[in-house]
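Asker: Since chain A is already given, all that's left is putting chains B and C on it; use the hints.
Chain residues, written in single-letter form:
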Amino acid sequence: MKELFYGAAYYDEYMPYDRLDKDVEMMKKAGINTVRIAESTWSTCEPQPGVFDFFHVERVMDAMEAAGINVIIGTPTYAVPTWMVKAHPDVLATTVKGRGIYGARQIMDITHPVYLFYAERVIRELMKRTAHRKCVIGFQLDNETKYYGTAGKNVQEQFVKYLREKFHDDLDALNYEFGLDYWSNRINAWEDFPDVRGTINGSLGAEFEKFQRTLVDKFLSWQADIVNEYRREEQFVTHNLDFEWRGYSYGIQPYVNHLHASQCLTIAGTDIYHPTQDELTGAEIAFGGDLIRSLKQDNYLVIETEAQGFPGWTPYKGQLRLQAYSHLASGANSVMYWHWHSIHNSFETYWKGLLSHDFQENASYKEACTIGNEFAKLGSHLVNLKKKNDVAVLVSNEALTALNWFRIQEQAPGADAQSIYYNDVMRWMYDTLYRMNVECDFIWPESENLDQYKAIVVPALYAAPDELLIRLNQYVENGGTLIASFKTAFTNENVKVSHQVQPHILKNCLGVHYDQFTFPKNVGLTGEIISKKNSLSEAKVFMELLTADGAEVLASYEHYNWKDYAAITRNHYGKGQAVYIGCMTDEDTLKAVYKAVLPEADVEIPEYHYPIIVRKGTNDLGKTIRYFLNYSAVELEMPYEYKNGEELLENTSVEKGAALQMPAWGVKIVEEA
Amino acid sequence: MKELFYGAAYYDEYMPYDRLDKDVEMMKKAGINTVRIAESTWSTCEPQPGVFDFFHVERVMDAMEAAGINVIIGTPTYAVPTWMVKAHPDVLATTVKGRGIYGARQIMDITHPVYLFYAERVIRELMKRTAHRKCVIGFQLDNETKYYGTAGKNVQEQFVKYLREKFHDDLDALNYEFGLDYWSNRINAWEDFPDVRGTINGSLGAEFEKFQRTLVDKFLSWQADIVNEYRREEQFVTHNLDFEWRGYSYGIQPYVNHLHASQCLTIAGTDIYHPTQDELTGAEIAFGGDLIRSLKQDNYLVIETEAQGFPGWTPYKGQLRLQAYSHLASGANSVMYWHWHSIHNSFETYWKGLLSHDFQENASYKEACTIGNEFAKLGSHLVNLKKKNDVAVLVSNEALTALNWFRIQEQAPGADAQSIYYNDVMRWMYDTLYRMNVECDFIWPESENLDQYKAIVVPALYAAPDELLIRLNQYVENGGTLIASFKTAFTNENVKVSHQVQPHILKNCLGVHYDQFTFPKNVGLTGEIISKKNSLSEAKVFMELLTADGAEVLASYEHYNWKDYAAITRNHYGKGQAVYIGCMTDEDTLKAVYKAVLPEADVEIPEYHYPIIVRKGTNDLGKTIRYFLNYSAVELEMPYEYKNGEELLENTSVEKGAALQMPAWGVKIVEEA
Amino acid sequence: MKELFYGAAYYDEYMPYDRLDKDVEMMKKAGINTVRIAESTWSTCEPQPGVFDFFHVERVMDAMEAAGINVIIGTPTYAVPTWMVKAHPDVLATTVKGRGIYGARQIMDITHPVYLFYAERVIRELMKRTAHRKCVIGFQLDNETKYYGTAGKNVQEQFVKYLREKFHDDLDALNYEFGLDYWSNRINAWEDFPDVRGTINGSLGAEFEKFQRTLVDKFLSWQADIVNEYRREEQFVTHNLDFEWRGYSYGIQPYVNHLHASQCLTIAGTDIYHPTQDELTGAEIAFGGDLIRSLKQDNYLVIETEAQGFPGWTPYKGQLRLQAYSHLASGANSVMYWHWHSIHNSFETYWKGLLSHDFQENASYKEACTIGNEFAKLGSHLVNLKKKNDVAVLVSNEALTALNWFRIQEQAPGADAQSIYYNDVMRWMYDTLYRMNVECDFIWPESENLDQYKAIVVPALYAAPDELLIRLNQYVENGGTLIASFKTAFTNENVKVSHQVQPHILKNCLGVHYDQFTFPKNVGLTGEIISKKNSLSEAKVFMELLTADGAEVLASYEHYNWKDYAAITRNHYGKGQAVYIGCMTDEDTLKAVYKAVLPEADVEIPEYHYPIIVRKGTNDLGKTIRYFLNYSAVELEMPYEYKNGEELLENTSVEKGAALQMPAWGVKIVEEA
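Protein chains in written order, with the numbering used here: chain A, 457 to 1129; chain B, 457 to 1129; chain C, 457 to 1129.
This is chain A alone, in the form it adopts within the complex (with noise of 0.2 angstroms):
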């Protein structure tokens, strides 16, 4: 890309009147060069079956292609027309709780021959109008796919015919591996096969979700080869990857495996959402930014952010602003909104665009006004910039479905029960990096290359194929760091528990054992890494009972029964360290835990941290780019410790040892000469 997208999803289907010329007018003052289109429009685009109105992306391209504006075409295919549901109602999924009604986006069965028939030909029409077109960058395939909890009749009769590949036609393999025997589960013919819905076996429901998970990928793979039989060489091919929601993006997507839906992608794409205000921390940003930047190890694009977003989001004065460097200083080449306007009817009404309601200059337009701007006068400083990590965060889809099915204090009584997921580890583990300003990728179990790494930080890696178990290990035989938290390594790829001694394989490179654990009331952590003024640092949650087995103990459990127990151990192995964490903790003892081994695996630990974050990495002109984010509404003083350089954004030269004034929610952007 040879500059940044600044923009917007465009809706000229919703306007409540003709505001197209005055809609351009306004974007071109905010310095936006971007507009996403068509995607969700099918009942418009296709009123009747086989009859199409393409009015509105017609009259949109025409409108931004004079002003020099590009367009993302966005396949309509995630929200079904009326008309197909009253002909076939069973196109609606069927999952757990029964067949859908219409209404809501998303709720179709996407292996439904009757939808993909009718997705087929709308996405071809489009294709047919809009690919040639000049302002036509590129193309967004569906958006947000999910499979939506689809497992009607068909599906499942997809899935036995799966299991039987697996398993080569070997009943007997199968029941064993998930230990079918169990409470009568155990199937002894495949006829027999009952409806998995109903499961309360994990491992059996486990493989169910990952088999729905292949759904997705063959589905954007199929819409994937449809557009590339149309684009021309340089249109992009994306998606928009979205997270676990918790009324923000979260974690690691539940129904889709990311890695493999990215495949069919030319590029990826995703929508982070986050809180503002004072919950403003940017690690929504960061955290979204590192994962998708690191499926395709390149740029990506921001499809959509908030813009105003909910009513508790309004933003602070410069939030706006710092969210959007934010985002490139994480690699991205785009920021785009959604939306550009505020609807004014159905669902979204409160989820605002960058113009509310009356489509008037409000304070958020006007500081995009600024960013846009400035993304014109810096964009080629500024795109393309490209990151080399020391750190690495392996995450897995397996991993987090099966602790779902088994997740922390599940069926636990009484009232201190507290559940926690494979997402709140993972950002734990994350997020206190991203305090620390340790920047970091992302990798999976199929990931290769290990040793390109100095330092794994490992999650929960709750279900894992002995073959990554065996590889984690040669990676810190090699001389590589292993941080890993408790339950890793726990049951094997099919949520089978391990019958040798825990942490399985990597009881090697971790030196320390366990057979016992429990949930911690009132239990402390102590040792020389934790400090006393931390009154905050206790197990959390869940604690493992750990042995060393000649592994050095960080930290042991303060509490009469559990004393004689390790909580955290560090484990030369090899060439290299092993850490295991046994128990949830506070962030401030994990920060001591990598203060104390980062090092030795030579991963800088920057001075500065949270609320100042800084980021890095080298630009198209193979210069060092460091952004300087002020994630507080404190005006803060810092010293600039790195290379004489030039502050992009207010055009001043810094110097080493200088000290530069952050703002309230303020941006620094250094490029070092």
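Don't take each hint at face value.
Since the list gives no way to pick out one identical chain from another, each pair is judged satisfied if it fits inside one copy or across any two copies.
With a straight-line cut-off of 20 angstroms between C-alpha atoms, the simulated PhoX-like cross-links for lysine-lysine are [what the hints assert, rightly or not]:
(1) 478 with 963
(2) 833 with 1079
(3) 485 with 822
(4) 1019 with 822
(5) 977 with 773
(6) 617 with 666
(7) 1019 with 773
(8) 553 with 674
(9) 542 with 617
(10) 910 with 1051
(11) 1099 with 458
(12) 1079 with 458
(13) 963 with 485
(14) 1051 with 1019
(15) 674 with 617
(16) 674 with 752
Simulated from the structure, these hints should not be mistaken for laboratory data.
Answerer: Positioned in the frame of chain A, the structure of chains B and C alone reads:
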């Protein structure tokens, strides 16, 4: 009416043994002069289809007539017999949860011809036996009718016809008004109309609920037409209108448009239930009474209210009497308990009547004897109390439903999220008036002659037609005082957000505008009207970022990022003034607003305030009656500041300036000379 | 029995590899002499309909027999194979939620002929292969049988037949007793009988649940009849009776009448699960044991209890041993763990056995070795412990169900609302006795010979036939001490509230009456028995407003409006005394009541109290055995105040007046000389 009705619902059908003579004797002792019977007894009156047995009805009428006790006949239609459902399972309403199962009351489809056929027959049979009876003074249609979520195929087909008529068969107009293009919901042929139960479109959903409310109007007027064929002219027709239920009568009924539904009645009737003991404030009695009185701008019947009620409501000494006079103070012409005795089986065993299960003279019954005998003695002074209020509260079912679809903080993440609903805002504005002893009427969007009020209070009129907003503007111009809260005027009657600057048409009289809003977190209020002593003064739940366009700023936000925005404003416009309250506040802040603006509107604010409640009116003798109600457990002394008069209960004269002794939970009634 | 059974459930079927020899070796080392097998393994035993494969059963019997380990055979019927549901989907119970989906255990209709056909066949096949084996000492019928909500058409038709019989075909009697006139529920023809799943009538609903409980009795006795055809006389027949589950074994089982269901057993069996660590109190072990022992007034089997249990239950050092002896102290003749190993797949992966997933000798296993070897050594002194208690607690399934329909604070509005259930009241009364070391039996409404007890404690006997109340009255007259709580005697056995003055027939012996009640808010208790130091003494949750008719007032309410009412009373009646506790209280207040009245009943209250628990009985040698159990983490010293004897575990003599040293979570067992 010539007398107050003091009474109870009476169910001879439910008695464990023959109690009729004994009950009549106990009623007479208690001064009870009216009973309501037959309501909800269908399975007893018509044990098999077409087989009628009015044994209980006849014998109760005989006994009451002999004793000189009035009888109100309730049609028994709100609970259906087993035989009907066994033979015609589809009389049970199909709702968003599917078809119901027999058991509870109020689960049938009130539009179903089978139900209507049987209902008509049993009503006619009942009327034939009762209308001519001397003791029968009136009829209650059904009971607490709602639409019970009915949304089966038949209902939805009617709805589509209703929409075709509303939009003159113009689908484009429908799609435009409801914004159906969003998420591909556009309807391009009437025959594609989807199952509305699943809709996520707030405009379509709210319209369906509005349509469902019309089913209640039709059902009641259909019953009224039948009853009218039989009744004598002096016999009244009423209905038991209830309220939004939050464990007690809380606010506007979401499922009935009271103004429309009460058209077919000759007198409005209601049931009002409320907490007692330490939570007894009188607010629900005042609110419900003011609202029901305003329907026909006339006296009304309290057909049901609690005697002992739930175990948590067992009244303290004096409370039953205080409640009874509070109803009269609002303009009620009756106080009737649900119910006479406590039921020995089934569901409402713990919703106790005046008598406990043992039929003995308990503490509540003894207090009822006092009340009944006072009513008998003073009735001619208390009946037909007329009111002339200066203030009106404008309420709207459409605004309520719309705000339910777009409730404040819908979808908003975060632990602090707090939802408020229409009735919370309404009660905040009403209750503050109540506690200040500013009496008021209620008005509706259809109400004419706004000018009769000196001030109109408008809580969260979220959905309103332009026509109404124009009239409100005009009202201020003509000299009225408008006090409107946040969220007013935001959408039109089809729940389409205005694309004009907010608050849309009211911007003119209010002299403010805003284009952003948010949820307050630690946002104080500051301004001349905000007392320093009020440490609770802060923006709550929702705040609009107001810019005054000439309006006087009564309060601003205290927050580093929002400090330039106004929170509460007052604007002089034409001959009147208009106040806008841009956020929810504590009660004292709202009180300060009222105090700042009502005097200018020439609305009197009494010196007395809660827990002393003062309510007034004019009686049949043309004299001013004033109730003094002590809503506290403490004896209070208050100066009597009105014209000399007579305290009716103790039959003593009261002079201006004298001290009134108000016992705990006590009542005084002064008739001016 | 001649020996204590120490054992575990053993599932060869679930093993990840062949462990049998190694497991037997480890069992022998641990002193384990009994295993339970086959339970819940239907899909393994009968892989296809009519095809049997008892490979695992046979080989385990062989191995155990060789090792001298006893085997209990469980019939495998409580979880159905996939082939049955695939062929006959309607074997799954239809409940109020509709038909289930295959997956979990305990989801079939236990009355369905298809299920019964297959169940009988597999039981017979299993019996043929096991009954003659030397190692097989007994049989467990099914497991934790309940009725699983079964309420399909077939079940409801049986229910109607049951009602016709109960009411001698007299519908009027049915309508009267159940109060069906209410809300038009009256049934005027048997063929109109509605779907009972939707009923809101508490009498009808409770009767249906009572009927459903009889299905469990029938099912178990049907299984017993089959087993009896095959078993040798010395082989026992038992069942694993469980309790209301609140994350652990809490109270009376709502879905089974234990007294009825256990008729077909030769020995009662149970599973008891409870919190451990800091929450280990022994109360559930004592409660469950006292109840199960009382069923047949004989020793019983603990067939399942936790080894490691949930992660939150991982035992502290000493707790596993303390628990084991606590079971014996209640009269158990066995302690058997669920289960030997921890399961590697499926659902209960985190409900851990004695061994962890790695099969190593962990801390729990090591403690089990101590226990097993002590049992072997001391068994002849400990087995067959007989008890003679002075106090009985009267419990009732009917009262439990009725109070579930009319639970305290049902429907009550307000944030303070707090629901309590039957078992809360029962446990409050039982646990207070337990902590005072007053041992007790349980009795049921059918129990005769009440006079054998010096005192009978009656928690919330909400539904009771007159006959029982008359017997309780008589019991007091004859010299007994009755201690009854609020809500006792309120309704008859058909959940029809009495129309007599409350507490109905018991009014005679109790010498109090009431006609009102409420929920206490800030209502203290005052009276001679209330210690000034007990600042927690207040009425909780529910209070009846008692008037003493001759009874002595032990405590009154401290509240300005309720101060004239009594809260707790004691009445001398005939030769006995009767105490009524009109409200829920804290434990210390109840303790004060017990202390005030039990001595007069000649019931001994030991000096020791919780955390020191003392339990006694007579062993096979005719000697008095006393267990001293320290339920705390602190070492305690206590004087031994009984006759000289021998401490069995340490084989030391103990003299009266000597000090017993009780280690943290420690046990002493003294056999009097």
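Asker: All the hints need checking, so say for each whether the structure fits it.
Answerer: Hints versus structure:
1. Taking identical chains as interchangeable, the C-alpha atoms of residue 478 and residue 963 are never at most 20 angstroms apart, the minima being 65 angstroms within one chain and 24 angstroms between chains.
2. In this assembly of identical chains, residue 833 and residue 1079 lie within 20 angstroms of each other by CA distance solely inside one copy; the values are 17 angstroms within and 81 angstroms between copies.
3. Taking CA atoms no more than 20 angstroms apart as the test, residue 485 paired with residue 822 passes inside one copy only; the shortest distance there is 10 angstroms, against 77 angstroms between copies.
4. In the homo-oligomer, the alpha carbons of residue 1019 and residue 822 lie at most 20 angstroms apart only across protomers (18 angstroms), although the nearest pairing inside one protomer, at 59 angstroms, exceeds that limit.
5. In this assembly of identical chains, the alpha carbons of residue 977 and residue 773 lie at most 20 angstroms apart only when taken from different copies (16 angstroms versus 43 angstroms within one copy).
6. In the homo-oligomer, the alpha carbons of residue 617 and residue 666 lie at most 20 angstroms apart inside one protomer (14 angstroms), although the nearest pairing across protomers, at 46 angstroms, exceeds that limit.
7. For a Cα distance limit of 20 angstroms, the shortest separation of residue 1019 from residue 773 across copies, 12 angstroms, qualifies, whereas the shortest one inside one copy, 51 angstroms, does not.
8. With identical chains, the CA atoms of residue 553 and residue 674 are never at most 20 angstroms apart, being 24 angstroms at best within one copy and 34 angstroms at best between copies.
9. For a Cα distance limit of 20 angstroms, the shortest separation of residue 542 from residue 617 across copies, 18 angstroms, qualifies, whereas the shortest one inside one copy, 31 angstroms, does not.
10. In the homo-oligomer, the alpha carbons of residue 910 and residue 1051 lie at most 20 angstroms apart inside one protomer (14 angstroms), although the nearest pairing across protomers, at 69 angstroms, exceeds that limit.
11. In this assembly of identical chains, the alpha carbons of residue 1099 and residue 458 never lie at most 20 angstroms apart, being 27 angstroms within a copy and 87 angstroms across copies at closest.
12. In this assembly of identical chains, the alpha carbons of residue 1079 and residue 458 lie at most 20 angstroms apart only when taken from the same copy (16 angstroms versus 87 angstroms across copies).
13. Taking identical chains as interchangeable, the C-alpha atoms of residue 963 and residue 485 are never at most 20 angstroms apart, the minima being 61 angstroms within one chain and 28 angstroms between chains.
14. Proximity of residue 1051 to residue 1019 under the C-alpha cut-off of 20 angstroms is found in neither arrangement, the shortest distances being 24 angstroms within a copy and 42 angstroms between copies.
15. For the identical chains of this complex, residue 674 and residue 617 are intra-copy neighbours only, at 16 angstroms inside a copy versus 42 angstroms across copies, given an alpha-carbon limit of 20 angstroms.
16. Taking the closest pair of Cα atoms, residue 674 and residue 752 come within 20 angstroms of each other only inside a single copy of the chain (18 angstroms); across copies the shortest separation is 63 angstroms, beyond that limit.
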